[in-house]
Amino acid sequence: MHARSVQPGVSFEYMMWIFTRISGLAMILLAIIGMSGAFILGARTQVDLPTLMRWSFFPNPNHVVNSNIPDVAVGWATAYWQIMQMMIFFFASTHAFNGLRVVLEDFIGQSFLQPLLRGAIFLLWLFSLITAVFVILAS
Amino acid sequence: MAISRKVGFFQGLSYHGGGPMLSWMLHRVTGLGILAFVGLHVISSFFMQQTGSDIAAFINTIYESWVFQIFVAFFVLFHALNGLRIAVLDIWPKMLNYEREALWLQWFIFVPVYGLTVYLLIQRSLVGG
Numbered sequence: 001m002h003a004r005s006v007q008p009g010v011s012f013e014y015m016m017w018i019f020t021r022i023s024g025l026a027m028i029l030l031a032i033i034g035m036s037g038a039f040i041l042g043a044r045t046q047v048d049l050p051t052l053m054r055w056s057f058f059p060n061p062n063h064v065v066n067s068n069i070p071d072v073a074v075g076w077a078t079a080y081w082q083i084m085q086m087m088i089f090f091f092a093s094t095h096a097f098n099g100l101r102v103v104l105e106d107f108i109g110q111s112f113l114q115p116l117l118r119g120a121i122f123l124l125w126l127f128s129l130i131t132a133v134f135v136i137l138a139s
Numbered sequence: 001m002a003i004s005r006k007v008g009f010f011q012g013l014s015y016h017g018g019g020p021m022l023s024w025m026l027h028r029v030t031g032l033g034i035l036a037f038v039g040l041h042v043i044s045s046f047f048m049q050q051t052g053s054d055i056a057a058f059i060n061t062i063y064e065s066w067v068f069q070i071f072v073a074f075f076v077l078f079h080a081l082n083g084l085r086i087a088v089l090d091i092w093p094k095m096l097n098y099e100r101e102a103l104w105l106q107w108f109i110f111v112p113v114y115g116l117t118v119y120l121l122i123q124r125s126l127v128g129g
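If you read the sequences in order, they're chains A and B.
Those letters in the first sequence? Residues 1 to 139, by our numbering.
Those letters in the second sequence? Residues 1 to 129, by our numbering.
Quick caveat, the hints were computed from the structure, so don't treat them as lab data.
Mixed in with the good hints, there may be bad ones.
In the SDA-like style, the derived pairs of lysine to any residue whose C-alpha atoms are separated by at most 25 Å in a straight line are [what the hints assert, rightly or not]:
| hint | chain 1 | residue 1 | chain 2 | residue 2 |
| --- | --- | --- | --- | --- |
| 1 | B | K94 | A | M84 |
| 2 | B | K94 | B | H27 |
| 3 | B | K94 | A | I40 |
| 4 | B | K94 | A | I28 |
| 5 | B | K94 | A | P8 |
| 6 | B | K94 | A | G9 |
| 7 | B | K94 | A | G119 |
| 8 | B | K94 | B | L13 |
| 9 | B | K94 | B | W107 |
| 10 | B | K94 | A | G24 |
| 11 | B | K94 | A | E13 |
| 12 | B | K94 | A | L25 |
| 13 | B | K94 | A | L113 |
| 14 | B | K94 | A | F134 |
| 15 | B | K94 | A | V10 |
| 16 | B | K94 | A | F19 |
| 17 | B | K94 | A | Q114 |
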């Protein structure tokens, strides 16, 4: 394991450290909003755990279509839920890829692999964001 | 370059870090696990929708089975609760004096919530609902 060197003041590591905390709290809040929305829109019966998780973390009509709820697309394909999906996806993917970067860099340390790794993770993150926005807006 | 620890794997396991080390390790493992599960789920859903692939349907069937949900629920619930504890303690650093108490509180919340989830998952699988 390598000690992470962090300069005082605002740095990339510090920004990501702050972002990890804020996005984590935001995801808990967004999951509660998604779950509440599911119950308000008629999920009081017929809900199992996978369904509840689909609703909490990605309330997309294509994602919750197997939920035994009538008119699922009508209730969920609105601008409100599209913005909610985009926010939770942005927070989740950025949080997750940054976490992957932190764990991998703990094992690799300062080496010639680090910029390659950061570039690869950045491209994966960008690709996932573009794909998610396409899926959200197309459904 | 590469892993340059001074201690071996089994030596590291016997390090008496206690509760905080356990939660640190579990936080990393569950975080990477969620990334793997959700990534696999996204990819298999994409191929199921676009090509109707049997392998993708098979992966999603495993993903949604009650046995796998027991693991997924543990990963998500533990990561969320432990992350909440870390964020709260980092926002109010004075509370770091009570880290062990916070860990105990976290387990006191986690065990009943997760226990009820597992109970319901097993009960529903036995009933077949």
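Okay, the hints, checked on the actual structure:
The hinted pair formed by K94/B and M84/A fails the criterion: a straight-line CA distance of about 34 Å is larger than 25 Å. A distance of roughly 22 Å separates the Cα atoms of K94/B and H27/B; the hinted pair therefore holds under the 25 Å criterion. Between the alpha carbons of K94/B and I40/A the distance comes to roughly 39 Å, so the proposed pair goes past 25 Å and is violated. Distance check on the hinted pair: K94/B and I28/A sit about 23 Å apart at the alpha-carbon level, within 25 Å; holds.
Our distance criterion of 25 Å between C-alpha atoms is met by K94/B and P8/A, whose separation comes to about 21 Å. Proposed proximity of K94/B and G9/A is supported: the alpha carbons are some 21 Å apart, at most 25 Å. The suggested pairing of K94/B with G119/A is violated, with an alpha-carbon distance near 37 Å, which exceeds 25 Å. This hinted pair does not check out: K94/B and L13/B have alpha carbons roughly 30 Å apart, beyond 25 Å.
Under the criterion of a C-alpha separation no larger than 25 Å, the hint pairing K94/B with W107/B is consistent with the structure, at around 21 Å. In summary, the hint linking K94/B to G24/A is supported, as the alpha carbons are separated by about 21 Å, within the 25 Å threshold. Taking the CA atoms of K94/B and E13/A, the gap is about 23 Å. The hint holds against a cut of 25 Å. The straight-line distance between the Cα atoms of K94/B and L25/A is roughly 19 Å, inside the 25 Å bound, and the hint therefore holds.
For the hint linking K94/B to L113/A, the alpha-carbon distance of about 38 Å lies beyond 25 Å, and the restraint is violated. Between the alpha carbons of K94/B and F134/A the distance comes to roughly 44 Å, so the proposed pair goes past 25 Å and is violated. About 22 Å separates the Cα atoms of K94/B and V10/A, which keeps this hinted pair within 25 Å; it holds. A C-alpha spacing of about 21 Å is found between K94/B and F19/A, which places the hinted pair at or below 25 Å, so the restraint holds.
Of the pairs offered as hints, the one joining K94/B and Q114/A is violated, with about 35 Å between alpha carbons and a cut-off of 25 Å exceeded.
Checked against the numbered hints given earlier, the structure breaks hints 1, 3, 7, 8, 13, 14, 17 and satisfies all the rest.
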